[in-house]
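Residues per chain are reported as follows:
2 protein chains.
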Amino acid sequence: MAVNLPAPDHKSLHPVAGVTLGVAEANIKKPNRKDLLVIGLASNARVAGVFTQNRFCAAPVIVCRKHLASGTPMRALVVNTGNANAGTGDDGMRRALQTCDTLSKLLSCAPEQILPFSTGVIMEPLPVERIAAGLPHCVADLRADGWGDAAQAIMTTDTVAKAASRQIKIGGKTVTVTGIAKGAGMIHPNMATMLGFVATDAAVEPQVLQSLLGYAADRSFNRITVDGDTSTNDSFMLIATGRSGAPEIASAIGDAYALLRDAVTEVAADLSRSIVRDGEGATKFITIQVEQGLSVEECRKVAYAIAHSPLVKTAFFASDPNLGRILAAVGYAGIADLDVSGVNLYLGDVLVARDGGRAPAYREEDGQRVMKQSEITVRVELGRGAAAATVWTCDFSYDYVKINADYRT
Amino acid sequence: MAVNLPAPDHKSLHPVAGVTLGVAEANIKKPNRKDLLVIGLASNARVAGVFTQNRFCAAPVIVCRKHLASGTPMRALVVNTGNANAGTGDDGMRRALQTCDTLSKLLSCAPEQILPFSTGVIMEPLPVERIAAGLPHCVADLRADGWGDAAQAIMTTDTVAKAASRQIKIGGKTVTVTGIAKGAGMIHPNMATMLGFVATDAAVEPQVLQSLLGYAADRSFNRITVDGDTSTNDSFMLIATGRSGAPEIASAIGDAYALLRDAVTEVAADLSRSIVRDGEGATKFITIQVEQGLSVEECRKVAYAIAHSPLVKTAFFASDPNLGRILAAVGYAGIADLDVSGVNLYLGDVLVARDGGRAPAYREEDGQRVMKQSEITVRVELGRGAAAATVWTCDFSYDYVKINADYRT
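Quick mapping for you: the protein sequence lines, in order, are chains Y and H.
With our numbering, the residue at position 376 of the first sequence is 437, and numbering never jumps.
With our numbering, the residue at position 304 of the second sequence is 365, and numbering never jumps.
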C-alpha cells in the first residue's frame with residue numbers, strides 16, 4: 062500500500078562502527094513477530110535526543126530525558142513495540158525503569174546508561190515480564206549488521222521497514238550515517254508515535270551534536286508533524302560513536318560539520334518521507350510548498366492547514382481536482398491580515414488560482430491530469446514576502462478509517 | 062444515516078409574522094431539487110449576522126457585510142445551494158451583486174436591501190442566469206408557512222432537513238422563534254458551510270439583537286466549529302420583525318430579554334446539534350465536556366483537540382474503547398503547563414483514567430458498553446480551575462471518506 066516505497070535492501074545499510082543491534086520476538090502484543098530491539102553502544106558514544114511536546118508524554122520519554130540529563134555515557138537503547146507505556150501514571154514509570162534495570166544487568170552497566178522507547182497502544186500496562194524474557198535474546202543477537210532487522214522490529218502499523226544510509230569522507234576517513242525509523246503510520250503523523258534512530262561513527266562534541274540534531278529534525282521529522290501537537294512517544298535520537306577515526310567536530314562552523322550535517326539531514330529526511338509514503342491507507346505522496354510568506358512560521362501554518370484538511374486529503378484520494386478546498390484551507394490557516402487577492406495556487410505545473418480566484422486559463426482536465434499522479438506537489442504563493450516552507454503528507458482513504466477502526470482488534 | 066434525527070414536522074414550525082419564504086428548482090447544480098430560497102421580510106424588520114472568519118470568505122459574505130453595514134432595512138435574503146461563489150475573485154462579487162439586483166427588481170426595493178448566501182462547491186462561477194430564472198418562482202411562492210420547504214431548499218449533503226421552532230409569552234403576547242439551518246455535512250464542520258437563519262416576531266433594538274445573536278452563536282454554532290478556522294461561507298442570521306405586538310426589547314437587561322435570548326439560543330442549539338447528528342457519515346453523536354479548566358478558552362482547546370482527532374473519531378466509529386487516544390489529544394491540545402497527574406477522564410458514567418493514568422477499577426467491558434451507544438458523553442476533568450466548555454461532534458466512518466471523495470461527481 063505504501064507509495065513508491067520499496068523495502069530497504071539490507072546490504073545497502075552500512076554498519077556504524079561502535080553500534081550493534083539485536084532483536085527478539087517477545088510476544089508483547091502478538092506472537093511470531095520481532096517486537097523488541099536493543100541498540101548497543103560502544104563506550105563514550107554520545108547521544109542527543111528530541112522528544113514529543115505532548116503533556117501526556119509517555120513514561121519512557123520521561124526516563125530518557127532524565128537519563129540524558131545525567132551526563133552519564135549511554136550504553137544501550139531498548140525499543141519495544143505493541144505497547145506505548147503512555148497514560149500509565151506512576152506504574153508506567155516503574156515499568157520503564159524496570160526495563161532499564163533488567164537490560165543494565167545483562168550489559169553490566171548502570172540503569173541510567175539505558176534509554177527506553179515504547180510504541181503501540183496507549184494506556185495499557187507494559188508487559189515487563191515478557192520484555193525481561195526477551196532482552197537476553199536481543200543481547201545475544203547484537204551485531205553490527207543488524208540495521209535491517211532492527212528496522213523491522215520497531216514497526217507497528219508500518220507496512221514497509223524504514224532505513225537509510227549514507228557515507229561521506231571527513232579528513233580522509235570514511236564516515237557512515239545509518240538510521241531507522243518507524244512511522245506514525247497515520248495520516249496525521251502528529252498524533253501517533255514516530256521513532257527515529259540515526260547513528261554515525263563521526264566524533265562530535267555533545268553540544269554540537271544536539272544542535273545538529275535540531276537542524277536535521279527541522280528539515281525532516283518536523284516537516285511531517287505540527288510543533289506542539291505531537292504524540293505521547295515521538296522521539297528522534299542521534300548517536301555519534303567517534304569510531305570512524307575522523308577528527309572530532311567541535312564546532313558548528315566548517316566543512317566537516319556541514320558535510321556531516323547534510324548527511325544526517327538527508328538520512329533523516331529520507332526516513333521521514335518514508336513515514337509519509339507508508340502513512341496508513343496512503344495512496345499518494347503530497348508535497349506542499351508554501352512560498353512568498355512574511356515568515357517561515359506563517360508558511361508552515363498554511364502548509365499544515367492544507368496538509369491536515371480531511372476535505373483536501375479525500376479529494377486527493379479521489380483524484381478529484383476540488384481545489385477550492387485548498388483555497389479554503391489557506392483562508393482559515395490563521396494569517397489574520399492575509400490579502401487573498403495576492404494568492405496564487407499551483408497543482409504540479411498547472412496554475413489553478415491567480416490573484417485569489419480561479420485562473421482564467423485553468424481547465425478542469427489539467428487539474429485532473431495532475432491529481433491522478435501518485436506524487437503531487439501543491440504550491441501556494443502568498444504574495445507577502447520571501448519566506449517559504451515545505452511539508453510532506455499523504456491522502457486520506459477508506460483504508461485509513463479501516464486501519465484505525467480495527468487497530469486494537 | 063443521521064443519528065437520532067427525525068425530519069422536522071412541518072406543522073411544528075410556527076410561522077413568524079413578517080416573514081415569508083418561497084423556493085424554486087433552479088437547476089443550479091442538479092435538476093429536480095429545490096435549490097433556491099427567498100426569505101421575504103416585512104418593512105422595518107431588523108437583521109443581525111455573524112459570518113465566517115475565513116480570509117477566503119465568499120463573495121456573498123462580503124456583500125452581506127456591506128449591505129448590513131449600510132444601515133438600510135433589509136427586505137429579503139436569497140440563498141442558493143450547489144455553488145459557494147467562493148474563491149471566485151472580482152467576477153464572483155459581480156455575480157453576487159447581480160443576484161441582489163435581479164431580486165430587488167422583483168421586490169421593488171434597492172439591491173442593498175438584499176442579503177445573498179451561497180453554499181456548495183468552491184471556485185466555480187455562480188450560474189447567475191439560472192438563479193435569475195429561478196427567482197420569480199421563489200417570489201411567486203412566498204408564504205408564511207414555507208419554513209419546511211425552505212429547510213429542504215438549503216440542503217447540500219445534508220440527509221435530513223433542519224428546522225426548529227419555539228413560542229414564548231412576552232408582555233402577554235405570543236412571540237415565535239423559528240429557524241432553519243443547513244449542515245456542514247461533515248465531520249469537521251469548521252471546514253464547510255453552515256448556514257443558519259432564525260427569525261422572531263419580537264421587536265428588538267438593533268444593538269441588542271446583535272448581542273443576542275452573539276450569545277446564541279457562542280452556545281450553538283460556535284460549539285461545533287473552531288474560531289478562526291471556519292469555511293468560506295458560514296453565516297448565522299437573526300431576524301426580528303417586531304410584528305408580535307410585544308413591547309420592544311431595548312436593553313439586554315430584564316426578563317423579556319432573557320426569555321427571548323433563551324428561546325433563540327434553544328432554537329440555534331437545536332439546529333447546530335442537528336448539523337452534527339447529520340454530519341457526513343456520522344453514526345454517533347458525541348458530547349465532549351471539559352471541566353475544571355483555568356479558562357473557558359483552554360477548555361475549548363482541549364474539547365476541540367479531542368473532537369478533531371481522526372484517531373478518536375475512528376475509535377468511536379468502531380465502538381473501540383481505545384481511550385488512550387483521548388488522553389493523547391488532551392496532552393497535545395496546547396496547555397503548556399498542564400499537569401497530567403490532575404487529569405481524570407470519564408466515558409459516560411465510567412471513570413476511565415484517574416490522576417493521569419488508567420483508573421484501577423476501569424474494566425474494558427465497561428468502556429465497551431458505553432462505546433456501543435449512539436449518544437456518548439466524554440468528560441475530562443483538568444483539575445486546574447472552575448471553567449468548563451462543551452463541544453458537540455460525531456464519529457468518523459467509511460462513509461465520510463466515500464461522501465467527500467465523491468462530492469463533485
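Check each hint, because a few of them may be wrong.
One copy or any two copies: either way a pair holds, since identical chains are not told apart in the list.
Calculated lysine to aspartate or glutamate pairs in the DMTMM-like style (CA-CA distance at most 20 angstroms, straight line) [claimed, not checked]:
| # | residue 1 | residue 2 |
| --- | --- | --- |
| 1 | K91 | E190 |
| 2 | K127 | D400 |
| 3 | K72 | D398 |
| 4 | K91 | E425 |
| 5 | K91 | D381 |
| 6 | K90 | D381 |
| 7 | K90 | E425 |
| 8 | K234 | E266 |
| 9 | K91 | E327 |
| 10 | K72 | D210 |
| 11 | K234 | D316 |
| 12 | K166 | D202 |
| 13 | K95 | D206 |
| 14 | K90 | D206 |
| 15 | K166 | E190 |
| 16 | K127 | D398 |
| 17 | K362 | E442 |
| 18 | K166 | E352 |
| 19 | K72 | E327 |
These are calculated hints, taken from the structure and not from any lab test.
Just so it is clear, the structure is predicted and the values come from calculations on it, not from any experiment.
Hints, verified against the model:
| no. | hint | verdict |
| --- | --- | --- |
| 1 | K91 with E190 | within (15 angstroms within a copy, 63 angstroms between copies) |
| 2 | K127 with D400 | between (47 angstroms within a copy, 18 angstroms between copies) |
| 3 | K72 with D398 | neither (53 angstroms within a copy, 46 angstroms between copies) |
| 4 | K91 with E425 | between (48 angstroms within a copy, 19 angstroms between copies) |
| 5 | K91 with D381 | between (39 angstroms within a copy, 18 angstroms between copies) |
| 6 | K90 with D381 | between (39 angstroms within a copy, 17 angstroms between copies) |
| 7 | K90 with E425 | between (48 angstroms within a copy, 16 angstroms between copies) |
| 8 | K234 with E266 | within (18 angstroms within a copy, 82 angstroms between copies) |
| 9 | K91 with E327 | neither (34 angstroms within a copy, 50 angstroms between copies) |
| 10 | K72 with D210 | within (12 angstroms within a copy, 69 angstroms between copies) |
| 11 | K234 with D316 | within (14 angstroms within a copy, 85 angstroms between copies) |
| 12 | K166 with D202 | within (16 angstroms within a copy, 85 angstroms between copies) |
| 13 | K95 with D206 | within (16 angstroms within a copy, 68 angstroms between copies) |
| 14 | K90 with D206 | neither (26 angstroms within a copy, 61 angstroms between copies) |
| 15 | K166 with E190 | within (15 angstroms within a copy, 81 angstroms between copies) |
| 16 | K127 with D398 | between (43 angstroms within a copy, 19 angstroms between copies) |
| 17 | K362 with E442 | within (13 angstroms within a copy, 30 angstroms between copies) |
| 18 | K166 with E352 | neither (53 angstroms within a copy, 45 angstroms between copies) |
| 19 | K72 with E327 | within (19 angstroms within a copy, 67 angstroms between copies) |
Going down the numbered hints, you'll see the structure goes against 3, 9, 14 and 18, while the others check out.
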